[in-house]
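Peer 1: With the hints as your guide, set chain C onto chain R.
So the sequences go chain by chain: R and C.
Residue 1 is where the first sequence starts when you use the numbering used here, and the numbers rise one by one after that.
Residue 1 is where the second sequence starts when you use the numbering used here, and the numbers rise one by one after that.
Simulated from the structure, these hints should not be mistaken for laboratory data.
You can take every hint at face value.
Derived Cβ-Cβ restraints for the label pairs, each shown as a range:
#	chain 1	residue 1	chain 2	residue 2	range
1	R	ARG170	C	LEU354	45 to 53 Å
2	C	LEU26	R	GLY62	50 to 58 Å
3	R	GLY62	C	VAL23	47 to 55 Å
4	R	GLN118	C	ILE310	36 to 44 Å
5	R	GLY197	C	SER303	51 to 59 Å
According to the in silico footprint, chain R covers these stretches of chain C (three or more CB under 8 Å from chain R):
#	stretch
6	12–22
7	322–333
Just so you know, even glycine gets a beta-carbon here, dropped at the ideal spot from N, CA and C.
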Amino acid sequence: MPLLKVENLKKSFGETLIVNGSFELAEGEQVALIGPSGCGKSTLLHLISGVLRPDRGTISLGSEELTHLSEAALDRFRAKRIGYIFQSFHLLEGLTALENVEVAVTFAKGKHYERASQLLKEMGLEDKLHHYPRQLSVGQRQRVAVARALVNQPPLVLADEPTANLDTERAASVVELLRECCRKAGAALLLVSHDVGALQNFDRVIQFHDQFREAA
Amino acid sequence: MKSGSLLHLAVRSLLQHRLANAVTVLAAALAVGLAFTVFAVNAQAKAAFIGGGGGYDAVLGARGSALQLVLNAVFHLETSPGNIPWSLYEAVSERPGVERAVPLAVGDNYKGFRLVGTTEDFFKDPPSGAPEFQLREQGRFFDPNYREAVVGSFAARETDLTLGAEFQPYHGLAYDESAQHSEQYVVVGVLEPTNTPLDKVVFIPIEGIFRMGGHVLRGGGEDFVPQSGESIPEEHREVSAVLLDLSNPQMGFTLSQQVNRQGKVATLAFPIGRVVGEVFEKLGWAHRILGLVAGLVMFIAASSIVACLIQALSSRERDFAILRALGMPRTRLLWLLVLESSLLAFLGSLGGFLVYGLALWGASSVIRNQTGVVLDIFSFHPVFLWGPTLMVGLSAVAGLLPALRAYSSPVAGQLKG
Chain R
1 MPLLKVENLK KSFGETLIVN GSFELAEGEQ VALIGPSGCG KSTLLHLISG
51 VLRPDRGTIS LGSEELTHLS EAALDRFRAK RIGYIFQSFH LLEGLTALEN
101 VEVAVTFAKG KHYERASQLL KEMGLEDKLH HYPRQLSVGQ RQRVAVARAL
151 VNQPPLVLAD EPTANLDTER AASVVELLRE CCRKAGAALL LVSHDVGALQ
201 NFDRVIQFHD QFREAA
Chain C
1 MKSGSLLHLA VRSLLQHRLA NAVTVLAAAL AVGLAFTVFA VNAQAKAAFI
51 GGGGGYDAVL GARGSALQLV LNAVFHLETS PGNIPWSLYE AVSERPGVER
101 AVPLAVGDNY KGFRLVGTTE DFFKDPPSGA PEFQLREQGR FFDPNYREAV
151 VGSFAARETD LTLGAEFQPY HGLAYDESAQ HSEQYVVVGV LEPTNTPLDK
201 VVFIPIEGIF RMGGHVLRGG GEDFVPQSGE SIPEEHREVS AVLLDLSNPQ
251 MGFTLSQQVN RQGKVATLAF PIGRVVGEVF EKLGWAHRIL GLVAGLVMFI
301 AASSIVACLI QALSSRERDF AILRALGMPR TRLLWLLVLE SSLLAFLGSL
351 GGFLVYGLAL WGASSVIRNQ TGVVLDIFSF HPVFLWGPTL MVGLSAVAGL
401 LPALRAYSSP VAGQLKG
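Same shape as in the complex, but just chain R (with noise of 0.2 Å):
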């Protein structure tokens, strides 16, 4: 039984068509989804995270179906089934970066508060967990991202374009870390992005217009 099933999937805005396919992940699985800037690939993960809701189709996360759900149960869905990672990273810039991490738990009705700090940690910034977002190197932000989108122990990690505005060689190093800490996590990985330099490990790598295909 796959991880994630995407079924006859449509959402449009108006007539612009943006996402229109199906597909699947396993467990565990890595998967990049590439195509141009604006094709739809960011929607995608805001359907799958339940940020938006279809106008057609299935979502199945294991067996629960996201397009039944109510927004309650989406956000509690979001909050434990699914790590997101955002372009830029999007640290809350109010937060430390522990609490940043910290934030994620909450909504998720957690009580395992050490594993922000056990992961802030085990990614080198033990010294850097009371640090604010804009006294932290992009490096520095992009492991507390990783670690906020991991701290749940989520089945699957979204990663919306991670690499965005980045050069080649930190473009890989991110995509290397992501790939890295969900391999340890157990948990799948479905990054998207533009940039098909930085995914050439990736089990999958699924080319997206407006529709899914697999690439050669």
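Peer 2: Frame of chain R, contents of chain C only:
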């Protein structure tokens, strides 16, 4: 405070925009402080004036306004409405039911502080509820046979009159340097502060007022100028007012009926508290308007809190979207904004106490200097409870506006870029 709790997130958000929020808190503090000041100063001034009879129940004086009589004889403000014959004082003091009758005579001042001529009984046999007269150092009360004075604490401080100091009074109740009397008085006692209008008075024997140069007595209907070394016949003596301590309220009503309804030469102001209370009742409209203004200012402060939050919304939409994407329920986001709004109002209310303290300190100095009445800065007033509650409540309700905007704001669009 647990990370991610609403309170934690609200506090962190307020700290993140601390400058704008500090200005907003200041506005709320001024609004709450204004409300505190309007209501508490009014209540305290009212209590101080109504209860400021100095233990006496009534004032007997010349025919005219009871309020003017009380202000002149008890609060030592205003001019005297005129004099009454000494015989009236003697008659009333002998009435059964009149426990104490103390005559007062006014008409002179020392550097703007009025001289009050009275008897030793004023100090030595005060009624219950009168301030405790304590003298500084080795002072004593005056001897009615000499030109001696006992000075109230505030008057002593302002005029530099100390024990043993000599001074020459000035004619009239207003200070006029050119109207100095030739009589020389010596200070034999300086009173400890009583926190009453008496602190602004220079007391001398009543005989001293009678005999002050240029004074003419008309107690008998004819002009009489006292001569040095000769006693003053009682029929010529007159007093400005008589303070009365009555055995029971019924006595006051009886006396009031006889003096005010049946008599034509005098006025009895009874009870003193009610006479002063009428002033506050007449000025009630002004207090209500001030209360309305205070309420309006609180509303404006609540609006400025909301304006501040709305202004910050656009820069915070991404933060809200991140929180939502991390699983924060939409309703919690709504309550977060309401909590922030309430917190700003709460902090403003705390600041309001500081503003109130400063305002009351200023107001009490002015009122004390003008009237001798002291306001108690720490005296409780219900506005200290309902003021902050109203401010926080108003802000919480008003905070729903930005909260609902954040609540309905789409998440996906803010997560890009």
